[in-house]
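Undergrad: In case you want the letters, here they are:
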Amino acid sequence: MIAIVCIDGSGGMLFNRRRQSQDRLLREDLLREAEGRTLWMNAYSAKQFKTLPETVRTAEDFLDQAGNGDLCFVEDRDPACYAGQLEGLIVYRWNRNYPADLFFTVPLEDWTLSRQAEFAGSSHEKITKEVYTK
Amino acid sequence: MKFRLTAFTALLCCLLLSACTGISGGGEPENTSPVVILPEGQMTQTVSYSLADIPEYTGTPYVALSDNVPGFSSGDMTTNSYEYYSPLDELGRCGEAYACIGVDLMPTEERGSISSVKPSGWQTVKYDCVDGKYLYNRCHLIGFQLSGENANKQNLITGTRYLNVDGMLPFENMVADYVKETENHVLYRVTPVYEGNNLVADGVQMEALSVEDSGESISFNVFVYNVQPGVIIDYATGESRLDDGAAADSTSGESVSYILNTNSKKFHLTTCANAGSISAGNREEYTGAREELTAQGYTPCGQCKP
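Each protein sequence line maps, in turn, to chains A and B.
In case it helps, the working numbering puts the first sequence at residues 1 to 134.
In case it helps, the working numbering puts the second sequence at residues 1 to 306.
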């Protein structure tokens, strides 16, 4: 599986069981990344998309169901718990600091940064996308 | 267009709030007030804390109160933006500030100078261990990015750089970005907490709740510490001195290896899980004295507490 996460300047993902931030243009970019592939997420993540393509599958245990090559949009748990199954990572950085009590702890130094891009979000000045491979 | 509560409603609010409990430290805990129904645009105050209820600072800029549930009531819910700032008390101290943050309240112009305001306990003092040197900032209770309030003395307290940047700013960012993205509203209240007649607050309570989705997106209730690592503060007056003990502790050991995030200005133990998520462009390895790092404006990671 390839995990997709959004993190702040300290690697934070959630605060008080809520995502730190959201951005419409980030969601569009995420769906473009997933074109032609199966994209998994849970109901909490799916709720922020107005429409979802047919290739999106939602399940609470999606990290257990996802197969090789599938993309998983992970917001409310640390994908480090599934490190053994991770084939790749797509990390969106807000380039802002938010409060956090759940952190992304996959050690990125063990991965190869294969692609990087920056774009302006709908409400974020600069979002950085990093694509990592093993 | 911004709506600030009128003098009449503000007076009414003060009278009502004076019958309620404020947050204060020291002495006997005050009574917890009943829910008070205020006219539209005025916020209830239903929960109070004394400093005795708040844990000691242990290296993390903020701590959750009441399981992170803010003390707003259903009667507070409104989609009309407004802002309210308490009158200064007899010691010249700020009281609570609250607002319903909407895009129409947010600034449309660059922030102007606020140096004309001297909040209670204000001192101009510099330390090498403080990011930007200056110990104190004029800290907005309701951040400029939320309400566009500039040099409003009822909205500015004497706060450390650490309170301002590491403590309050992340919460302001979260609320501001949510409001900008969704054009929804967020109930927002910041209450400075003073012990007795101290001129400098021990910290601030920050509460927020997103209105249109009843807190599904934004909901928090935290106490943010008005401390500065490496500096001892006399909260009665605002006077301060270098924490020799901390400096000695930090310099007494051998050189230590840390991982730096040059973007967030955090430093981590090499074993810290958070260090692993630092992007290559922002990551640096460092070996040397901890004090050198803090002198460069770096602050310790709240997770690994290096």
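If you're looking for bench data, these hints aren't it; they were derived computationally from the structure.
Don't be surprised by glycine CBs; every beta carbon is placed ideally from N, CA and C.
Be a bit skeptical, because a hint or two may be false.
Claimed, not checked - Only pairs whose alpha carbons sit at most 27 Å apart, straight line, appear in this in silico BS3-like list of lysine-lysine:
hint, chain 1, residue 1, chain 2, residue 2
1, B, K265, A, K129
2, B, K180, A, K47
3, A, K129, B, K133
4, A, K50, A, K126
5, A, K50, A, K134
6, B, K265, A, K50
Unchecked claim - Covered, in the sense of this in silico footprint (three residues per stretch, anywhere, with C-beta under 8 Å from a C-beta of chain A), are these stretches of chain B:
hint, stretch
7, 97 to 110
8, 114 to 126
9, 166 to 175
10, 258 to 268
Undergrad: Failing hints, ascending?
TA: Going through the list in order, the structure violates hints 3, 5, 6, 7, 8 and respects the others.
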